[in-house]
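Generate the whole structure from the sequences, applying the supplied hints.
For the record, the sequence lines run as chains C and H.
The opening residue of the first sequence carries number 0 in numbering that gives the first Met the number 0; numbering runs sequentially from there.
The opening residue of the second sequence carries number 0 in numbering that gives the first Met the number 0; numbering runs sequentially from there.
In short, the hints are calculated from the structure, not lab data.
Predicted model, so just to flag it, every value in this text is computed and none were measured.
No false leads were slipped in.
Pairs count within a copy or across copies, as identical chains cannot be separated in the list.
Straight-line alpha carbon distances no greater than 25 Å define the calculated DMTMM-like cross-link-like pairs of lysine to aspartate or glutamate that follow: (1) K398 with E371; (2) K24 with E361; (3) K25 with D314; (4) K62 with D334; (5) K379 with D357; (6) K213 with E246; (7) K201 with E169; (8) K379 with D86; (9) K365 with E341; (10) K398 with E361; (11) K398 with D314; (12) K370 with D395; (13) K62 with E202; (14) K132 with D4; (15) K23 with E126; (16) K1 with E252; (17) K247 with E202; (18) K24 with E360; (19) K117 with E360; (20) K59 with D332; (21) K55 with E351; (22) K24 with D314.
There are 2 protein chains.
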Amino acid sequence: MKKIDGGVTAAKGFMAAGVYAGIKKKRKDMALVYSTVPAKGAGTFTTNMVKAAPVKWDIKVTKESEYVQAVVLNSGVANACTGQEGDTNNLLMAQAVANAMEIPTEAVYTASTGVIGKQLPIGVIQEGVLLLKAELKEGIWSGSLAAEAIMTTDTYAKECAVSFMIDGQEINVGGMAKGSGMIHPNMATMLGVVTTDLAISKELLQEALSENVKHTFNMISVDRDTSTNDSLLILANGLAGNTEITEKNADYEKFCEALSLVTTDLAKKMAADGEGATKLFEVQVIHANTQEEAITLSKSIITSNLVKTAVFGNDANWGRILCAMGYSGVNFDPDNVDLYIESVDGTLKLVENGMATDYSEETATKILSGKEVKATADMKVGIYEATAWGCDLSYDYVKINADYRS
Amino acid sequence: MKKIDGGVTAAKGFMAAGVYAGIKKKRKDMALVYSTVPAKGAGTFTTNMVKAAPVKWDIKVTKESEYVQAVVLNSGVANACTGQEGDTNNLLMAQAVANAMEIPTEAVYTASTGVIGKQLPIGVIQEGVLLLKAELKEGIWSGSLAAEAIMTTDTYAKECAVSFMIDGQEINVGGMAKGSGMIHPNMATMLGVVTTDLAISKELLQEALSENVKHTFNMISVDRDTSTNDSLLILANGLAGNTEITEKNADYEKFCEALSLVTTDLAKKMAADGEGATKLFEVQVIHANTQEEAITLSKSIITSNLVKTAVFGNDANWGRILCAMGYSGVNFDPDNVDLYIESVDGTLKLVENGMATDYSEETATKILSGKEVKATADMKVGIYEATAWGCDLSYDYVKINADYRS
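Right, here's the structure in full:
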């Protein structure tokens with residue numbers, strides 16, 4: 000299992016493009032990921048009652064289509080809260096790709112991200128699809144252009160890829176994602192596309208993805224706002240030449256491990272690049288009574304505005320961490336909790352049995368000043384643990400979101 | 000039923016004081032509320048698993064003491080996460096008041112607010128109690144000094160009082176509260192003290208208070224962080240001379256109405272004065288299927304960071320409101336929702352049946368620029384409604400909380 004360069008075009012038979020179509024003012028705003036052969040498709044989607052048109056479409060494609068071959072994505076407009084007209088525009092976007100690539104409309108996944116409540120400029124989108132077809136290429140570079148085209152307030156493109164061996168065949172798994180704001184995925188992520196040349200049954204592909212998100216994208220939060228557009232899509236085209244995986248054997252486990260490497264990397268990048276973030280904030284809860292409790296506690300800490308502002312201010316205000324654990328709904332004894340902080344500058348025990356140690360504030364501030372800061376809460380009661388990823392809450396988060404539409 | 004001047008000293012037989020004892024650097028930091036005769040006491044408290052020492056003490060007093068006569072409060076140090084030493088210090092604080100006023104220790108409520116994890120400077124507290132005794136007075140002015148002394152990052156003191164008639168006797172109900180940050184009360188509020196000269200049984204006093212907070216303090220949120228110290232206390236000393244209320248009759252209803260006027264006023268002031276807030280943001284959900292759903296939807300909107308930053312930016316980004324409703328957990332049809340905004344500058348329908356009306360952005364911005372902004376979501380399915388109060392999320396919230404301890 001090794002990390003390799005690239006993203007959605009790292010696996011055999013995948014092409015991509017990213018172009019400026021004219022939805023946004025200046026930056027690239029449309030992307031296409033295409034498999035040269037039909038691929039198995041699977042997806043996980045937002046649990047928000049308000050679902051964007053592309054989400055409703057993709058849920059149908061995932062359920063009903065035997066195979067998929069393309070994913071078309073746009074940034075700038077979310078196509079959410081757009082009624083019947085929004086559904087029609089989404090279908091027209093899928094049809095434009097189907098016509099251009101000569102594949103069935105039901106083999107096209109769609110994804111949109113941007114402002115809620117605005118209609119897609121469908122003429123611009125249809126022109127954009129032609130531009131995408133003209134630019135469609137294999138190779139790492141084209142995948143990066145696609146990753147760039149789905150950015151909104153992201154400050155850098157998010158890609159990751161790994162490779163491993165099955166049956167003496169090299170298998171590649173690569174992906175891209177965008178995040179930044181309205182990030183609190185619930186059974187999905189903002190927008191993510193993963194491709195692989197693995198041969199695997201559609202059922203196991205879906206199961207691997209659904210299990211995977213619980214510990215990766217669903218464990219990150221930027222602002223506790225679960226989006227209307229969260230979608231994580233995966234395409235597996237089988238070009239690696241391995242025997243198709245149809246049961247949960249050792250090969251399946253290898254694939255799950257590879258998938259986890261890719262999605263954890265993308266999820267952490269999404270958290271670190273949260274709107275206005277100055278650092279990645281990782282929270283690990285260990286020795287909890289149950290897995291569920293470890294997850295709930297770590298997410299409660301990672302989403303607390305008061306904890307996040309303290310992290311921004313490099314202030315070891317650990318009382319806020321205990322406070323956030325206390326209102327999480329988990330039943331525990333506060334007088335039994337130990338708390339540590341950690342970064343490249345060292346590790347420090349702040350709390351022992353619910354009370355402050357005689358730690359040095361100066362050392363604590365130094366540790367918290369790192370670009371990647373970790374807090375660990377030791378519950379000292381069980382064997383379960385969980386890790387969540389988030390970021391600090393800065394002036395820039397407020398600035399970005401006070402005038403996002405202008 | 001009429002509003003009158005004053006707060007905790009508006010009712011007959013209540014005295015108060017607020018002094019600088021030396022816990023904080025400069026500002027007043029200790030308060031005392033005292034009834035000249037024994038009073039019935041009731042309280043509601045934080046549901047946070049991590050409970051401050053005074054909260055644990057007050058729960059015991061509420062349960063076991065036949066009467067109470069004093070409330071001593073300090074700001075600057077929360078006495079939370081302070082272990083056995085914290086419990087001892089809290090007891091010493093209550094004893095200091097008991098000794099000074101010559102009343103039983105079990106008749107003294109305590110309340111602390113400030114930094115979590117630091118021990119109370121008990122010598123300073125004990126000296127402070129003597130200063131408080133020396134300053135203890137009747138009259139509106141002394142109540143205001145007490146309200147000032149419990150402030151932390153609050154920018155103004157919060158008081159309210161009303162009077163009404165029972166049996167030809169004038170009944171007064173007055174209160175004070177402090178809020179600002181770590182405000183997301185759950186079965187209680189940050190710190191609030193209400194006094195009344197009504198004669199009422201202890202059981203009904205508690206029931207009136209518990210029912211009251213559900214629709215007042217529990218409906219506000221500044222930052223979705225439920226504090227370790229939330230306490231709302233009420234003292235009823237019976238000096239108004241009415242026949243003691245022992246059943247839920249018309250007089251009981253009158254008292255509930257008066258209590259609601261006082262606590263709603265204090266709750267709204269707390270929301271409007273949230274840390275860094277530039278405006279009060281009120282959210283009403285109407286025609287919901289159930290009371291519970293109306294409450295959940297309104298609180299989901301009021302606590303969304305993305306909605307709050309949009310309100311700060313005077314940006315009618317209504318998609319974020321529908322998004323926050325969508326992830327609240329309530330099952331509803333987004334295509335059936337209407338949305339309005341309102342302030343002194345007028346009312347505007349932004350959304351009809353889940354989609355944008357052709358409203359003017361300019362008018363929307365003007366309305367959102369008010370000091371008190373209201374959003375109304377009409378679910379158009381039932382008869383239930385709920386109102387929640389919050390505030391916008393500004394640069395100053397981040398500033399205040401990034402260096403709260405320094």
